[in-house]
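**Student:** Residue strings, one per chain:
Protein chains: 2
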Amino acid sequence: MLAKYSTYEETSYLLLYGELPTKEALEEFSTKMRRLRDLPKKVEDCLRELPPHPHPMDILKVAVSHAALYDPDRLRCCREGVMRKVIRIVSQIPTIIAYYHQTRSGQEIIPPDPELGHAANFLYMLHGKKPEEEEARIFDIALILHAEHGLNASTFAAMVTASTLSDINSAIVSAISALKGSLHGGANERVLKMLDEIGSLDKAEKYVLNALRVKRRVMGFGHRVYKTYDPRARILKEYAEYLSNKYNDRKYIEIGKKIEEVMIRELGKKGIFPNVDFYSGIVYHFLGIPRDLFTPVFAMARSVGWAAHVCEYTTNNRIFRPRAYYIGPEYVEYVPIEKRR
Amino acid sequence: MLAKYSTYEETSYLLLYGELPTKEALEEFSTKMRRLRDLPKKVEDCLRELPPHPHPMDILKVAVSHAALYDPDRLRCCREGVMRKVIRIVSQIPTIIAYYHQTRSGQEIIPPDPELGHAANFLYMLHGKKPEEEEARIFDIALILHAEHGLNASTFAAMVTASTLSDINSAIVSAISALKGSLHGGANERVLKMLDEIGSLDKAEKYVLNALRVKRRVMGFGHRVYKTYDPRARILKEYAEYLSNKYNDRKYIEIGKKIEEVMIRELGKKGIFPNVDFYSGIVYHFLGIPRDLFTPVFAMARSVGWAAHVCEYTTNNRIFRPRAYYIGPEYVEYVPIEKRR
Numbered sequence: 001m002l003a004k005y006s007t008y009e010e011t012s013y014l015l016l017y018g019e020l021p022t023k024e025a026l027e028e029f030s031t032k033m034r035r036l037r038d039l040p041k042k043v044e045d046c047l048r049e050l051p052p053h054p055h056p057m058d059i060l061k062v063a064v065s066h067a068a069l070y071d072p073d074r075l076r077c078c079r080e081g082v083m084r085k086v087i088r089i090v091s092q093i094p095t096i097i098a099y100y101h102q103t104r105s106g107q108e109i110i111p112p113d114p115e116l117g118h119a120a121n122f123l124y125m126l127h128g129k130k131p132e133e134e135e136a137r138i139f140d141i142a143l144i145l146h147a148e149h150g151l152n153a154s155t156f157a158a159m160v161t162a163s164t165l166s167d168i169n170s171a172i173v174s175a176i177s178a179l180k181g182s183l184h185g186g187a188n189e190r191v192l193k194m195l196d197e198i199g200s201l202d203k204a205e206k207y208v209l210n211a212l213r214v215k216r217r218v219m220g221f222g223h224r225v226y227k228t229y230d231p232r233a234r235i236l237k238e239y240a241e242y243l244s245n246k247y248n249d250r251k252y253i254e255i256g257k258k259i260e261e262v263m264i265r266e267l268g269k270k271g272i273f274p275n276v277d278f279y280s281g282i283v284y285h286f287l288g289i290p291r292d293l294f295t296p297v298f299a300m301a302r303s304v305g306w307a308a309h310v311c312e313y314t315t316n317n318r319i320f321r322p323r324a325y326y327i328g329p330e331y332v333e334y335v336p337i338e339k340r341r
Numbered sequence: 001m002l003a004k005y006s007t008y009e010e011t012s013y014l015l016l017y018g019e020l021p022t023k024e025a026l027e028e029f030s031t032k033m034r035r036l037r038d039l040p041k042k043v044e045d046c047l048r049e050l051p052p053h054p055h056p057m058d059i060l061k062v063a064v065s066h067a068a069l070y071d072p073d074r075l076r077c078c079r080e081g082v083m084r085k086v087i088r089i090v091s092q093i094p095t096i097i098a099y100y101h102q103t104r105s106g107q108e109i110i111p112p113d114p115e116l117g118h119a120a121n122f123l124y125m126l127h128g129k130k131p132e133e134e135e136a137r138i139f140d141i142a143l144i145l146h147a148e149h150g151l152n153a154s155t156f157a158a159m160v161t162a163s164t165l166s167d168i169n170s171a172i173v174s175a176i177s178a179l180k181g182s183l184h185g186g187a188n189e190r191v192l193k194m195l196d197e198i199g200s201l202d203k204a205e206k207y208v209l210n211a212l213r214v215k216r217r218v219m220g221f222g223h224r225v226y227k228t229y230d231p232r233a234r235i236l237k238e239y240a241e242y243l244s245n246k247y248n249d250r251k252y253i254e255i256g257k258k259i260e261e262v263m264i265r266e267l268g269k270k271g272i273f274p275n276v277d278f279y280s281g282i283v284y285h286f287l288g289i290p291r292d293l294f295t296p297v298f299a300m301a302r303s304v305g306w307a308a309h310v311c312e313y314t315t316n317n318r319i320f321r322p323r324a325y326y327i328g329p330e331y332v333e334y335v336p337i338e339k340r341r
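These protein sequence lines map, in sequence, to chains R and U. Under our numbering, the letters of the first sequence match residues 1 to 341, in that order. Under our numbering, the letters of the second sequence match residues 1 to 341, in that order.
Hints in this document: simulated from the structure, not taken from any laboratory. Hints may be right or wrong, so weigh each one.
As the list makes no split between identical chains, a pair holds if one copy fits it or if it spans any two.
[To be verified] Pairs of lysine-lysine residues, derived as BS3-like cross-links and limited to a Cα-Cα distance of at most 25 Å, are as follows:
| id | residue 1 | residue 2 |
| --- | --- | --- |
| 1 | 258 | 227 |
| 2 | 258 | 193 |
| 3 | 32 | 130 |
Given the sequences, and given the hints that come with them, work out the whole structure.
**Tutor:** Structure below.
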């Protein structure tokens, strides 16, 4: 329903405040988001200085940590202060990603446009021209679908971090650090790499069967929670299909659908179906988002979900401190160095 | 035994490789640590530019993330490459802390001295003069005592992050983010603040009894795992005592011991005893470590423990993905915005 009727801004409000906003509340919230998009000058300067080769998730980690040093609400830990910090981080992440992309491409950075909504503004900062309304809406829906997903690993990393009563920025940085992993946010980028590797429709079936035979992971399938068709994948598949037709370039979607067919035939009974990462890559591709920015875009969308879980958890906080069973050797003697071999 | 006979370098080797090193292996390892202390030029420059007011843990978060961008082993994920990345991070953290302290004090930075061991070199970079051997040894012991402590919150944050197959730097940054919290690494700094607040021995008992009456936390007491006297606190207490006598300044130790006496009398039967943070602050104080660097020093010591847990966990990895029981409302209708109130 949210994907159908809502916007990323409204979904963010819902996640942070636990209820859908009135018209006035949404307007106030959206205005706040637009106002908090700008980066501190020093962070902008630093982005220009960073080397162009690292993974953009590492850049995001640096820049989000860095921006916290200049947050005017830095020392505030009342609810209102924390909320403003959250909205600032959520609003700044797209700016960081777009600025970094411009500087690494040797382009001038494009400041945010306060006339545009969250999704449209990102595409504008990335491409230097206002996106078509339809494409901005598709991107908005992709962001809504990625905004929250229970206690996934990055959200859990944020919660463990926040449970020490560390600050919200630190919790988000932990989550970004976790999302980077190829078992988590890094997957959608790898789906497109796989589609390229396969190259053409006629090679898809053989590729999948071979991968299954040698037990190589087929990217974008299976989920620790969903053992049925991921509802987010269903929506993204529609848009991937739509954009493929619009741009008259059906290579990726055809290979993708073939992979899905073979995978479900072979592993559907084991609960393996396409997950959210499988079709999002194709959608992002047609929206002109560079492949290595897919995971940062995931972070951009999920940031509000991380913050919402942290805010909920810390209202009734208990520090995470799991116990482990020690299974190593016991009573090991300290052997003086000259007697070691 | 390690605190008595070992060094931080040897303890690090033990944690990373699972066994005590031979003389040759230790020498090679220590040499590697000394060689990897230098910071990339850009990170050094960035440290000079950072504002002087934030919490140094936030600086550590930025600088450790930043340094990863220039790590020559950045793209290597073989065991040897990861180990070198780990040793580099563990060796660079002291340099980051000391450089930041020098620049915020308007001093020239003091490059690491390859003649000095890990503990002595840090005190040297911080104070600009070689420490007495005895004090370097006491600091070395404090580092050993803080190097590892099972699945505490910061270690757990590192493991959750690494379980997505994110990189070791990201895992350490998550851990730093978690250690910052006042329920975790931030505690030792607050112990000294409390001692200052009390001000003199005769006010200590009243302070504690009053805190217990109004249920205010007395910093440096109680532990989620230890329900008896924390063995690390026992060792640190000895050195706090020793240094207080050496510098003929017994104010902190006297107040501290009185607090301990009252706390154990009142709460010892509930398993509340001094923890590692209670006496470490006094030790650091006499070693001339500025109070707001206590938590970064904790990070400096614990970094190797974080890395060791991550390396162990990821050899037989499973992504952390806890399930949660949803207890919120079900089947909430999406109310169109004009009908909301």
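**Student:** For every hint, state whether the structure bears it out.
**Tutor:** Hints versus structure:
In the homo-oligomer, the alpha carbons of residue 258 and residue 227 lie at most 25 Å apart inside one protomer (20 Å), although the nearest pairing across protomers, at 59 Å, exceeds that limit. Taking the closest pair of Cα atoms, residue 258 and residue 193 come within 25 Å of each other only inside a single copy of the chain (16 Å); across copies the shortest separation is 65 Å, beyond that limit. In the homo-oligomer, the alpha carbons of residue 32 and residue 130 lie at most 25 Å apart inside one protomer (21 Å), although the nearest pairing across protomers, at 52 Å, exceeds that limit.
Going through the hint list in order, the structure satisfies each hint without exception.
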